[in-house]
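> So the chains spell out like this:
There are 2 protein chains.
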Amino acid sequence: MKQSDIDDILINPDQYLRNVLVDNVIFGYHNKELKVLLQQPIALDKWTVTGGYIKKTESIEEAANRIAYSRTGLKNLFFQQFRAFGNPTRSIDGSKNAKNFTKLSGIEVPDDLWIFDYFVSVGFYTLTEFSMVKIEKGVYEAECQWWPIDDLPALMFDHEHIISEALKALRLHIAHYPIGYELLSEKFTLPEIHSLYETILGKPLDDRNFAKRLMATGIIVKLNETKRIGAHRSPFLYRFDKEKYNEGLENGAALAF
Amino acid sequence: MKQSDIDDILINPDQYLRNVLVDNVIFGYHNKELKVLLQQPIALDKWTVTGGYIKKTESIEEAANRIAYSRTGLKNLFFQQFRAFGNPTRSIDGSKNAKNFTKLSGIEVPDDLWIFDYFVSVGFYTLTEFSMVKIEKGVYEAECQWWPIDDLPALMFDHEHIISEALKALRLHIAHYPIGYELLSEKFTLPEIHSLYETILGKPLDDRNFAKRLMATGIIVKLNETKRIGAHRSPFLYRFDKEKYNEGLENGAALAF
DNA sequence: TGAATAGTGTCTTTAAGACAGTATATC
DNA sequence: GATATACTGTCTTAAAGACACTATTCA
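Chains A and B supply the protein sequences, listed in that same order.
So that you can map any letter, position 218 of the first sequence is 218 in full-length UniProt numbering, and since no number is skipped, the others follow by simple counting.
So that you can map any letter, position 12 of the second sequence is 12 in full-length UniProt numbering, and since no number is skipped, the others follow by simple counting.
Just so you know, these hints were derived from the structure itself, not from any lab.
Treat the hints with care, as some may be off.
Claimed, not checked - Short derived list, chain A residues pointing at chain B, Cβ under 7 Å:
hint, residue
1, 18
2, 19
3, 20
4, 56
5, 59
6, 60
7, 80
8, 84
9, 88
10, 117
11, 120
12, 122
13, 222
As the structure is a computational prediction, the values presented were derived from the model and not from experiment.
For each residue, glycine too, the CB sits at the ideal point set by N, CA and C.
Please model the entire structure based on the sequences and the hints provided.
Now the structure itself:
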């Protein structure tokens, strides 16, 4: 749990559910790079994924969305619940006992204050195109920035585990459902979507087989336009067939890479 | 939330996490039938899946196990988290406001008591062989019994949805990982495991292709014994190769039915 | 015409799916 | 020998995977 959240829930304890929160692993893709949005609470040297408490009036999905919106300024991002984390070690941390809390905040609190009990975290991941994001850090965050998924800073609690589980879930998802609508421009080239899949999966995919299979699903449509990319052959542009895409999200699209 | 749980958490509020609980959908298999263990709290006419609060000293997995043990008397059952449920409508229910609560229990409580806020439910499912289970109903349950999955009684809250999501998760699991170790005798016949798969998936599977594929995974081993089943040809007995089975649980076993 | 990237077709191998007749045990 | 169940092999079709050359653009 982050210092800022402790403050927030102390100031407005009545509007939040207790002992349960949402952690939302925000993945950002841009130009063959996959990154994750992390924040560093003031007065702590470790980083956390974005997360927050759940209001009594909202669902866990709404909470995950609200958190993503508050950091990225974007709505209608693709997001997905992947699993919940909950065990007593989630509270064994320097910030999670009364003495340390008082030292950090100057506020005196009883030893058995309920916020020192562990919190069950419901994990979501969210996908976004990171060049479109104007990061808005929270008032209690010293920093909020993108980190490459294979070069993460020191993370609080089990957040490294949460990120790796989120990535595992994302890679499983990509093998069964279409992906990319929120990550590419409306019109995109075959090499662009090819790179997206390679980057998320972290492995090369044969370009001929990739194009063959992707076209076979019908979720993308070739346009009669090309994109000029300089001193090279101009690639054709494609767009998603939103109907087929949504159908794929519902029923699965056979793209088992 | 069940009446019994409300009592329990009122009597011992300090040992449990607040606003979060575990619901454990216990599936029972026996003789070509798949059932789910449901309980009916005293003074209510609707049924619920088994569930309970999470102690501050235990993980959500330990809580799910404790619940399964308390109802079935069995340990080391196969269980799996599938997803969390949380939205404000989870608290709109006859038992979830102060007036009704007082009417049912005779205990006066304030209108804004925290237990009337909604609870996030972390959903697990558990598999067991139901002829081995001696059902132990909780002190606050009027009934606790097996129900066929395609003939359920009226269920509280979103519990029908929880069961259908659990079943969906189980069927997804069975397509990617081995299953059955906890559901069959140590030695079993091909027709027995064939029926198990057909029952869980709810559809017929070609017997020749099933045997071919199952043997190809190496997770079962043919023994040099047969089982006498009366006036018919005696089927051979098989057992699981526990090493291959566990490896399949870790890395997946290609059995995409 | 050289450099960089786009785009595409064929063959092989493997897996999935459909399908039916023989073998065995007991009465 | 009648009956009920166990057991298994082949063919067809579809998908996956490996693989390399031609086309375009522009400097």
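> If a hint holds in the structure, say so; if it doesn't, say that too.
Hints, one by one, checked against the model:
1. 18: This hint holds: residue 18 of chain A lies near chain B, its Cβ roughly 4 Å from the closest one there, short of 7 Å.
2. 19: OK, holds: residue 19 of chain A within 7 Å of chain B, min 4 Å.
3. 20: Holds. Min distance 4 Å.
4. 56: Holds - the Cβ of residue 56 of chain A comes within 7 Å of chain B, reaching about 5 Å at its closest.
5. 59: Given a least distance of 3 Å, the restraint on residue 59 of chain A holds.
6. 60: 4 Å, holds
7. 80: With a closest approach of 10 Å, the residue 80 of chain A hint is violated.
8. 84: 5 Å, holds
9. 88: 6 Å, holds
10. 117: With a minimum Cβ separation of about 5 Å from chain B (threshold 7 Å), the hint on residue 117 of chain A holds.
11. 120: 5 Å, holds
12. 122: It holds, given that the least Cβ distance between residue 122 of chain A and chain B is near 5 Å, below 7 Å.
13. 222: Given a least distance of 31 Å, the restraint on residue 222 of chain A is violated.
In summary, the numbered hints that this structure violates are 7, 13.
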